[in-house]
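S.K.: Following the hints, put chain B with the ligands in place on chain A, whose structure we already have.
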Amino acid sequence: MKCERCDNEATVHEVTILKGQKVEKHLCESCARDDGIAVQGVSPALQSLTGALASVSGPGEPEAKAPACGGCGLTYKEFRHHGLLGCPDCYHAFEALLRPMLERAHEGGAEHVGKAPKRSAGALERQREIALLRKGLAEALAAEQYERAAEFRDRLRDAGVDVAAAREAQR
Amino acid sequence: MIGGSLDPSGRGGDPARGRDGDVVLTSRVRLARNIAGFSFLTRASRDDRRRIVSLASARFAGDAVSPGLRWVDLAEADTLERHALVERRLISRQLAAGDEPRGALIAEDDGRTSIMVNEEDHLRLQVMRAGLDVRGAWDEIDRIDDRVESIVEYAFCPKFGYLTACPTNVGTGLRVSAMLHMPGLKLINEIDKVRRAAKAMNLAVRGYYGEGSEAVGDIYQLSNQTTLGRTEEEILAAFTDDILPKIIEYERHARRRLLESRRSVVEDLVHRAIGTLLHARLMNADEAVKLLSHVRLGVALGMVSGVGFDLIEELMLHAQPGHLQLAVGAELNQAQRRPARASLLRERLGAAVSAG
Ligand SMILES: [Zn+2]
Ligand SMILES: [Zn+2]
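Chains as they are written, first to last, in the working numbering: chain A, 1 to 171; chain B, 1001 to 1356.
Treat the hints as calculated values from the structure; they're not laboratory data.
Nothing here was measured: the structure is a model prediction, and the numbers come from that model.
C-beta: ideal position from N, C-alpha, C; glycine also.
Do not take every clue at face value.
As the list claims (entries may be wrong) - Listed next, the stretches of chain B that the computed footprint assigns to chain A, with coverage defined by at least 3 CB atoms under 8 Å from CB atoms of chain A:
hint: 1; stretch: 1141-1154
hint: 2; stretch: 1171-1182
hint: 3; stretch: 1216-1228
Claimed, not checked - In silico DSS-like cross-links for lysine-lysine, where the CA-CA straight-line distance does not exceed 27 Å:
hint: 4; chain 1: B; residue 1: 1246; chain 2: B; residue 2: 1290
hint: 5; chain 1: B; residue 1: 1193; chain 2: A; residue 2: 118
hint: 6; chain 1: B; residue 1: 1159; chain 2: B; residue 2: 1193
hint: 7; chain 1: A; residue 1: 65; chain 2: A; residue 2: 77
hint: 8; chain 1: B; residue 1: 1290; chain 2: A; residue 2: 65
hint: 9; chain 1: B; residue 1: 1199; chain 2: B; residue 2: 1290
hint: 10; chain 1: B; residue 1: 1246; chain 2: B; residue 2: 1199
hint: 11; chain 1: A; residue 1: 25; chain 2: A; residue 2: 118
hint: 12; chain 1: A; residue 1: 77; chain 2: B; residue 2: 1159
Just chain A, same shape as in the assembly (with noise of 0.2 Å):
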């Protein structure tokens, strides 16, 4: 499928509900940049290619044993440097040595607790139902209450979720 604003292979689809009408948007990674859609920073093969070539860094240090980000290549020492870091992956690629300098420079806080986008509290929520709704499908078939399993699989297929694929999941 092509891009609806350029001539590149679409590699982002959104779909969104406005005013209860479907929107669907087919982009290019370039353009979905450009409308604000969040799009994967840097393809798999980029990212092994870079933890390889950090893994290569050297023994030492905790620090410069740690692989670079793989969605920006930064390493830690860099981080340390120049006291940025280059994207949000990093938060997760140098949590451990992150961990200590954060609760210093935060009176011991260690985890959010304010506000949240609502996109993505959204999000959190309906993965917080699913996995309700999946622990209820599971609990009445182990109960054999087939009726009231065949209840959380109705809601499942409501809320979008395989069941078949999310049983498969859970063994």
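M.R.: Below, chain B with the ligands without anything else, positioned relative to chain A:
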């Protein structure tokens, strides 16, 4: 041109002076945000920076996220406009300099809301208010943040919150600050106690004017440093309900003590400052701020009539090089600024004092 579009007083267009205006000049709230899908700016390509600039200028300008935001392309803006925006604290020095694609969205009419684009983070949202009104500023920035977030997806994770280039801002990305006038504590030599107490409460204390450690004009900026592991409400409450009232009361206490024990010394200081401002022929910016600070103390203590806090803040701003040149309507070199500044202060203060 900036001179025509911004409120000339530079105090945020608030008709009311604001709470605790005898000590608090302005309150400010800032949110650091990054757009998902882009690297942070240290690792962003010039193309990425350009994309962020066109995204922000196209989608946030006008009334989309806050009323009347005007896009200022800082790669294009002239030096004077950039200086004036820095003097108003609408943009940082860091954003004003450099040659990378960057800019800011500035509130047209009241000049108290701005969004810096491609500073340390992709977006820095900021709202200012007169006097002590950190909560009012928060309510407004919270709304703007919601609207921005309905347009772009933020870099956010549940564990670390809003992800920022510098880990010292991560979590809420919230920095609350207040600009405090503390000449009383300076005069009774207790300003260092405030500095130490503030540090113990994890606040940053900076001089507002001047580059060095000395706070020119006894104006200090206090701000929180902890952004992770606290809710926005906890950060606001600690700052505005607990810490600031104590410091404000401490400054007022110092002023009362001065009036009781050294009234004539204070009166002399205030009126000497007025005398100098009314008669000097050459004036540099720091001297002007120092003298105006003493006049402000006199106004707060009821020793001066005809002059209000608003005029003093306006004059402190107009004593700065960018605003001085805008007020005069001409480019001036360093040597030309000193007589121009002295003359502007004589006229403006003279008119107010003789009317009072
Ligand atoms: Zn495209
Ligand atoms: Zn990274």
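S.K.: Mind checking the alpha carbons of residue 1193 (chain B) and residue 118 (chain A) for me, to see if they're no more than 27 Å apart?
M.R.: Not OK: residue 1193 (chain B) and residue 118 (chain A) at ~43 Å, beyond 27 Å, violated.
S.K.: Taken at face value, is the distance from the CA of residue 118 (chain A) to the CA of residue 25 (chain A) at most 27 Å?
M.R.: 20 Å, holds
S.K.: Does the alpha-carbon distance linking residue 1246 (chain B) and residue 1199 (chain B) stay inside the 27 Å limit?
M.R.: 14 Å, holds
S.K.: Take a quick look at whether residue 1246 (chain B) and residue 1290 (chain B) sit within 27 Å of each other, Cα to Cα.
M.R.: It holds: about 25 Å lies between the C-alpha atoms, which stays within 27 Å.
S.K.: Is the hinted pair residue 1290 (chain B) and residue 65 (chain A) satisfied, with a Cα-Cα distance of at most 27 Å?
M.R.: 53 Å, violated
S.K.: If you draw a straight line from the CA of residue 77 (chain A) to the CA of residue 1159 (chain B), is it 27 Å or shorter?
M.R.: 23 Å, holds
S.K.: Compare the distance between the alpha carbons of residue 1159 (chain B) and residue 1193 (chain B) with 27 Å, and conclude whether the hinted pair is satisfied.
M.R.: 37 Å, violated
S.K.: If you draw a straight line from the CA of residue 1199 (chain B) to the CA of residue 1290 (chain B), is it 27 Å or shorter?
M.R.: 25 Å, holds
S.K.: Check, residue by residue, whether the stretch 1171-1182 of chain B contains three or more positions whose beta-carbon lies closer than 8 Å to a beta-carbon of chain A, and give the verdict.
M.R.: holds (count 3)
S.K.: Establish whether the coverage given for the stretch 1141-1154 of chain B by chain A is satisfied; the threshold is a Cβ-Cβ distance below 8 Å, and no fewer than three residues must meet it.
M.R.: holds (count 9)
S.K.: Do at least three Cβ atoms from the stretch 1216-1228 of chain B come closer than 8 Å to Cβ atoms of chain A?
M.R.: As far as the stretch 1216-1228 of chain B goes, the hint holds, because 4 residues have Cβ atoms under 8 Å from chain A.
S.K.: Would you check the hint for residue 65 (chain A) and residue 77 (chain A), treating anything up to 27 Å between C-alpha atoms as holding?
M.R.: 10 Å, holds
The earlier numbered hints that this structure contradicts are 5, 6 and 8.
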